[in-house]
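Protein chains: 2
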Amino acid sequence: MIARTPTPPYYAVIFTSLRTEVEEGYKDTATLMVELAQAQPGYLGVEPARDGVGITVSYWESLEAIRNWKQQADHLIAQQLGREKWYEQYKTRICLVERDYGFDKE
Amino acid sequence: MIARTPTPPYYAVIFTSLRTEVEEGYKDTATLMVELAQAQPGYLGVEPARDGVGITVSYWESLEAIRNWKQQADHLIAQQLGREKWYEQYKTRICLVERDYGFDKE
Chain A
39 MIARTPTPPY YAVIFTSLRT EVEEGYKDTA TLMVELAQAQ PGYLGVEPAR
89 DGVGITVSYW ESLEAIRNWK QQADHLIAQQ LGREKWYEQY KTRICLVERD
139 YGFDKE
Chain B
39 MIARTPTPPY YAVIFTSLRT EVEEGYKDTA TLMVELAQAQ PGYLGVEPAR
89 DGVGITVSYW ESLEAIRNWK QQADHLIAQQ LGREKWYEQY KTRICLVERD
139 YGFDKE
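First to last, the protein sequences are chains A and B. Sequential numbering of the first sequence, starting at 39, is according to the working numbering. Sequential numbering of the second sequence, starting at 39, is according to the working numbering.
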């Protein structure tokens, strides 16, 4: 699904990653993290995709909402496990969405 | 590959899409568009991923570079064909990358 975000400005976190071959715990944790993110104040939406490289974009009302999510207790544990087990490499980019436009066939 | 981008600030264009079932011409055009984007002034990198939803993030030095790419002649044709044939729905978000950080196991 394309996330239904409000009129800009709002924030995006682009998380790009390369996985290791370790599958143990990955999917369950990824699913749980999306559920927890959705429950955070200021959460606006998420878009995940992977083929080789993985890209997860999450959308937020403010930098404060992003900071709070980064420090959320279960998320901190998942970040630690991610570095130890699941990710070969990743990059996180914090972005201000200044403008958007779209197209819908219907 | 994770794009090797410079120290922020720079710009990101998040293009999120849902495809139709029309395959004709799609892959060739997508490949050509990446090649053309790479040749544009101010291009910094691209990260594509698709499963169900497609996310392509391209990185740029400035808003001017993004505007020039949007107006590039072959790209204009591809945008038109995209709306007619390949995309059910899409959203383009123009973002200022304010901060980034990463992790590399090696």
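Treat the hints as calculated values from the structure; they're not laboratory data. Watch out, some of these pointers could steer you wrong.
Treat identical chains as interchangeable: a pair holds within one or across any two.
[As the list claims (entries may be wrong)] DSSO-like, lysine-lysine: derived pairs with alpha carbons at most 27 Å apart:
(1) LYS143 to LYS123
(2) LYS108 to LYS123
(3) LYS65 to LYS108
(4) LYS108 to LYS129
(5) LYS143 to LYS108
(6) LYS143 to LYS65
(7) LYS129 to LYS143
(8) LYS123 to LYS65
Keep in mind it's a predicted model, so treat the numbers as computed, not measured.
Hint by hint, here is what the structure shows:
Taking the shortest Cα distances, LYS143 and LYS123 sit within 27 Å of each other only across copies (10 Å), while inside one copy they are farther apart (42 Å). Taking CA atoms no more than 27 Å apart as the test, LYS108 paired with LYS123 passes inside one copy only; the shortest distance there is 19 Å, against 40 Å between copies. Within a single copy, LYS65 and LYS108 get their C-alpha atoms as close as 19 Å, which meets the 27 Å cut-off; across copies the closest is 37 Å, which misses it. In this assembly of identical chains, LYS108 and LYS129 lie within 27 Å of each other by CA distance both inside one copy and across copies; the values are 14 Å within and 26 Å between.
Taking the closest pair of Cα atoms, LYS143 and LYS108 come within 27 Å of each other only across two copies (20 Å); inside a single copy the shortest separation is 36 Å, beyond that limit. In the homo-oligomer, the alpha carbons of LYS143 and LYS65 lie at most 27 Å apart only across protomers (20 Å), although the nearest pairing inside one protomer, at 33 Å, exceeds that limit. With identical chains, the CA atoms of LYS129 and LYS143 are at most 27 Å apart between copies only, with a shortest distance of 12 Å across copies and 33 Å within one. In this homomeric assembly, LYS123 and LYS65 come within 27 Å of each other (Cα to Cα) only inside a single copy, at 12 Å, whereas the closest approach across copies is 34 Å.
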